[in-house]
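Undergrad: So the protein sequences, as listed, match chains A and B.
One gets this note's numbering by counting positions in the first sequence from 1 and adding 472 to each.
One gets this note's numbering by counting positions in the second sequence from 1 and adding 1 to each.
FYI, nobody ran anything at the bench for these hints, they're computed from the structure.
Glycine included, every Cβ here is placed at the ideal spot set by N, Cα and C.
Don't take each hint at face value.
Computed list of lysine-lysine pairs in DSS-like fashion (alpha-carbon distance at most 25 Å, straight line) [stated by the list, open to error]:
1) B:Lys84 x A:Lys737
2) A:Lys787 x B:Lys10
3) A:Lys787 x B:Lys84
4) B:Lys76 x A:Lys784
5) B:Lys76 x A:Lys590
According to the in silico footprint, chain B covers these stretches of chain A (three or more CB under 8 Å from chain B) [to be verified]:
6) 590–603
7) 617–626
8) 672–680
9) 710–716
10) 776–782
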Amino acid sequence: MTFCRDSWYNLIMKIHIPNSAFLGNIDPFLRGFDPSSPHTLEITANDKWISIHPVVLAMIAALGATIPSGNISCRKLEAKSRHYLVRMGLLKMLDIPSDINLVEHEPAGRFIPITRIKTSEELSRFITEMIPLLHLEPGQARTIGYIVSELARNVIEHAEAPNGAFLCAQYYKKSNSIRIGIADTGVGIRTTIARSYSAQTDLEAIRLALQPGITGATRKEGGTEQNAGAGLFFIKSIASVNRDFFMIYSGNALYKLLKKPASSKLRLNADPFRDRHSMEENIPSWRGTVVGADITLDQTAEFSLLLDAVRKTYKEAVMERVKARYKRPRFI
Amino acid sequence: MKQILIFDKAGAFAENKDVAKTIRVSEIVPALDRGEEVVLDFERVDAATQSFIHALISDIFRKFGNDVLDRVAFKSCNDTVKKIINIVTDYMQEGAGPE
Chain A
473 MTFCRDSWYN
483 LIMKIHIPNS
493 AFLGNIDPFL
503 RGFDPSSPHT
513 LEITANDKWI
523 SIHPVVLAMI
533 AALGATIPSG
543 NISCRKLEAK
553 SRHYLVRMGL
563 LKMLDIPSDI
573 NLVEHEPAGR
583 FIPITRIKTS
593 EELSRFITEM
603 IPLLHLEPGQ
613 ARTIGYIVSE
623 LARNVIEHAE
633 APNGAFLCAQ
643 YYKKSNSIRI
653 GIADTGVGIR
663 TTIARSYSAQ
673 TDLEAIRLAL
683 QPGITGATRK
693 EGGTEQNAGA
703 GLFFIKSIAS
713 VNRDFFMIYS
723 GNALYKLLKK
733 PASSKLRLNA
743 DPFRDRHSME
753 ENIPSWRGTV
763 VGADITLDQT
773 AEFSLLLDAV
783 RKTYKEAVME
793 RVKARYKRPR
803 FI
Chain B
2 MKQILIFDKA
12 GAFAENKDVA
22 KTIRVSEIVP
32 ALDRGEEVVL
42 DFERVDAATQ
52 SFIHALISDI
62 FRKFGNDVLD
72 RVAFKSCNDT
82 VKKIINIVTD
92 YMQEGAGPE
């Protein structure tokens, strides 16, 4: 994404949809991104092919909602796969007219188009309605519903995002996986976490937010009556157990849980920096929070095992923090 | 004894924390205040999020202490729901104390 000045000396924000941007290779897309003070958004896309993670769509939709209506334009889409943007509802969400005809008999039904959720009731209704769209087994549906619920409730409760949460998901037959993206343009993780913890940087705030029992609502163990600070830890744990990608981008920081080799031993870490990960601190600042996750459905039967591991890791993390606050005896 | 059917209020996938709060505030806490025992019946609930269970029961540990588990029972939970309840009851008991 770049800025340029048009003849009226207004800032124009340009976003280019690349031919490929999934969680494994999304970094260049994010590095080229700068949503600061945009008044006008121009969207272009790769001419040959567009193959992108739902999180990219969620980001563009969330960003579009911050720009005055009528100030968003989209250059003619030439890519063979351009219908994907229509099918996922991006152009409609941005109020961009399109003459692209949808190709019928796609892997129909196995996606959730971009949806905006602003209230708790909307979320509950959405979860009930989305499960049949993905044609999942009950165990798999449970996992996906869990992720969507926790992520969207985070936005509703903490993000202070007037436009709400933008989310979408897509089933990929080849990898038998669901990829989910959710984005908001709220206050971001650092602002929320800093209400209770000292976080000097966005990355530090993300690190805290991913730890079990850490919430911006209170420093007290056990959280508040409504918040425990465990939602993101659970989601990261689901991705970790499935050996899948998970990313979180807020402010100028990106944390990415990397895929684990199939041979690696299942182990959950309370500290996300102890997981196999990558991170960046100097990418352009996203005002709000973006989360992307890949969930391999073959692995979701392990949800029960995951809960055993979560219980153990959570317990250890709480005990460590409690112990760190112990008064030491004074030996004189 | 106060019996509360979670499915009737939260459905098969118990995830709405506002619903959990309503159950806690309007049913669980008043029953405990009256000295009654409470049975949370999860019959037909396929799954619950940790956030739902937290919103449902975490505050009763703060209000009544860890012994509240002697007066609250969880009925007809499947394995997944049981495990989530165990996670929440663990951290609420272990983490009790000052900041």
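Undergrad: Does each hint fit the structure? Answer for all of them.
TA: The hints, checked one at a time:
Between the alpha carbons of Lys84 of chain B and Lys737 of chain A the distance comes to roughly 22 Å, so the proposed pair stays at or under 25 Å and holds. The straight-line distance between the Cα atoms of Lys787 of chain A and Lys10 of chain B is roughly 30 Å, outside the 25 Å bound, and the hint therefore fails. Only pairs whose Cα atoms come within 25 Å are accepted, and Lys787 of chain A paired with Lys84 of chain B is accepted, the gap being roughly 13 Å. Using a Cα cut-off of 25 Å, the hinted pair Lys76 of chain B and Lys784 of chain A holds, with the two alpha carbons roughly 24 Å apart.
A distance of roughly 33 Å separates the Cα atoms of Lys76 of chain B and Lys590 of chain A; the hinted pair therefore is violated under the 25 Å criterion. For the stretch 590–603 of chain A, the stated coverage by chain B is satisfied: 5 residues place a CB nearer than 8 Å to a CB of that chain, which reaches the threshold of 3. Coverage of a stretch by a chain is defined here by at least three residues with a beta carbon nearer than 8 Å to that chain's beta carbons; for the stretch 617–626 of chain A and chain B the count is 5, and the condition holds. A count of 0 residues in the stretch 672–680 of chain A with a Cβ less than 8 Å from any Cβ of chain B is obtained; the coverage claim is therefore unmet, three being the minimum.
For the stretch 710–716 of chain A, the assignment as covered by chain B is violated, since 0 residues bring a beta-carbon within under 8 Å of that chain's beta-carbons and 3 are needed. Coverage of the stretch 776–782 of chain A by chain B holds in this model, with 4 residues showing a Cβ closer than 8 Å to a Cβ of that chain against a need of three.
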